[in-house]
Amino acid sequence: MQNTNVAYDSKVEGEIIVTQADAVINWIRKHSVWPMPMGLACCAIELMAAGASRFDISRFGMEVMRFSPRQADCMIVSGTVTYKMAEVIRRIYEQMAEPKWVVAMGACASTGGMYRSYATLQGVDRIIPVDVYVSGCPPRPEALLDAMIKLQDKIGRERSVKNLTARNAKPAKAENLALAGAGKES
Amino acid sequence: MGYDLLVDVTAVDWDAQSPRFTGIYHLLSTTKHEYLRIAADCADDINPSLPSLCEVFAAANWHERETYDLMGIHYDGHPDLRRILMWDEYPYHPLRKDFPLAGIEVPLPADDVAEATGATVLPAPMMGGPFVSSADGPMSQTEPSARDESWTEQKEKPTD
Ligand code: SF4
Chain A
57 MQNTNVAYDS KVEGEIIVTQ ADAVINWIRK HSVWPMPMGL ACCAIELMAA GASRFDISRF
117 GMEVMRFSPR QADCMIVSGT VTYKMAEVIR RIYEQMAEPK WVVAMGACAS TGGMYRSYAT
177 LQGVDRIIPV DVYVSGCPPR PEALLDAMIK LQDKIGRERS VKNLTARNAK PAKAENLALA
237 GAGKES
Chain B
1098 MGYDLLVDVT AVDWDAQSPR FTGIYHLLST TKHEYLRIAA DCADDINPSL PSLCEVFAAA
1158 NWHERETYDL MGIHYDGHPD LRRILMWDEY PYHPLRKDFP LAGIEVPLPA DDVAEATGAT
1218 VLPAPMMGGP FVSSADGPMS QTEPSARDES WTEQKEKPTD
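So the protein lines, in turn, are chains A and B. For the record, in the first sequence the residue sitting at position 149 is 205 according to the working numbering, with numbers rising by one throughout. For the record, in the second sequence the residue sitting at position 60 is 1157 according to the working numbering, with numbers rising by one throughout.
In case anyone wonders, no lab produced these hints; they're calculated from the structure. Every residue, glycine too, gets a C-beta built ideally from N, C-alpha and C. You may find that some hints are simply not true.
Cβ-Cβ distance ranges computed for the label pairs, FRET-style [said to hold, decoys possible]:
(1) A/A108 <-> B/P1220: 52 to 62 Å
(2) B/R1180 <-> A/V120: 29 to 39 Å
(3) A/E119 <-> B/Y1189: 35 to 45 Å
(4) A/V80 <-> B/D1185: 43 to 53 Å
(5) A/K210 <-> B/Q1251: 28 to 38 Å
(6) A/S109 <-> B/W1111: 47 to 57 Å
(7) B/L1219 <-> A/R110: 35 to 45 Å
(8) B/P1116 <-> A/D202: 49 to 59 Å
(9) A/E119 <-> B/T1217: 56 to 66 Å
(10) B/D1195 <-> A/S191: 49 to 59 Å
(11) A/C193 <-> B/Q1114: 32 to 42 Å
(12) B/D1173 <-> A/R196: 48 to 58 Å
Only chain A is shown next, with the shape it has when bound in the complex:
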């Protein structure tokens, strides 16, 4: 994909590159996504395959799987979310530092999948905001890679300061919106 945010001509600009802060910040963010592998069921096996040598997620700069939410910025929910587990997922999501993104991997995480039952949350987007949904049961590792590349595109298109303050699963309340423009100072 051609990067339209950075234009550089060494004859004109010498050693200076002119660009936007958003473009630089997003460029840094999207090429070092640290995923939190929220492996809950069979889809997690494909997530592991995506990380192994044949598919090698590190080609796209997101191989640093972190099992601590404090160090991760993209939760990959791969598997069936039961109501009992929903609380845990929400808490882990809240512990992740902003900016953060969520990928719902597979039919179960996206919609409850084949588990139309009393015990299964019908889509993880009921408790946390999801950026990319991946279809399949399970999705092949290529599908996950495609989703992660789509997420990179999405990160590249975002306003970089927008994500500095806490998001809620519900639409942001008025005071949060006001803070979002002001960045981190309170």
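Following the hints, position chain B with the ligand against chain A.
Relative to the frame of chain A, chain B with the ligand by itself:
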């Protein structure tokens, strides 16, 4: 007797019949290689209970917790009869015949998460499948099952 391995503890809900609940035990003899299945009816249909086997077989502990969780059978003398699959406050026993497969609306297990997200435990949308029940007659005869959608030259393709 030599039946020294407890393989499974489960139960049956006979729905409209009485006695309604039957506890089932599967035992194996590791010396004679014989299986034994024991069925024990619960006298009380409303608050069914059975004696716990934990004293005899340590393996009974979690099996009895599961049967208690999903069928609501109390095992008297069990050292720690808590739910094992559903969360502690869950008010129903989902494998009973009068419990709909889709579920019944109750609050989420965690209050703060429920408040922050507005989510509840909702009945799952069944949309005619994958499992359907004809819904008339006692549920023991109308178990939800996969709908027969096969069709051939002789048998028409279902339309709905
Ligand atoms: S979508 Fe399929 S493979 Fe993935 S967790 Fe659900 S049942 Fe398993």
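Going down the list of hints, with the structure as the test:
no.	hint	result
1	A/A108 <-> B/P1220: 52 to 62 Å	violated (39 Å)
2	B/R1180 <-> A/V120: 29 to 39 Å	holds (38 Å)
3	A/E119 <-> B/Y1189: 35 to 45 Å	holds (44 Å)
4	A/V80 <-> B/D1185: 43 to 53 Å	holds (50 Å)
5	A/K210 <-> B/Q1251: 28 to 38 Å	violated (52 Å)
6	A/S109 <-> B/W1111: 47 to 57 Å	holds (55 Å)
7	B/L1219 <-> A/R110: 35 to 45 Å	holds (39 Å)
8	B/P1116 <-> A/D202: 49 to 59 Å	holds (56 Å)
9	A/E119 <-> B/T1217: 56 to 66 Å	violated (38 Å)
10	B/D1195 <-> A/S191: 49 to 59 Å	violated (36 Å)
11	A/C193 <-> B/Q1114: 32 to 42 Å	holds (38 Å)
12	B/D1173 <-> A/R196: 48 to 58 Å	holds (51 Å)
Hint compliance for this structure: hints 1, 5, 9 and 10 are not met, and every other hint is.
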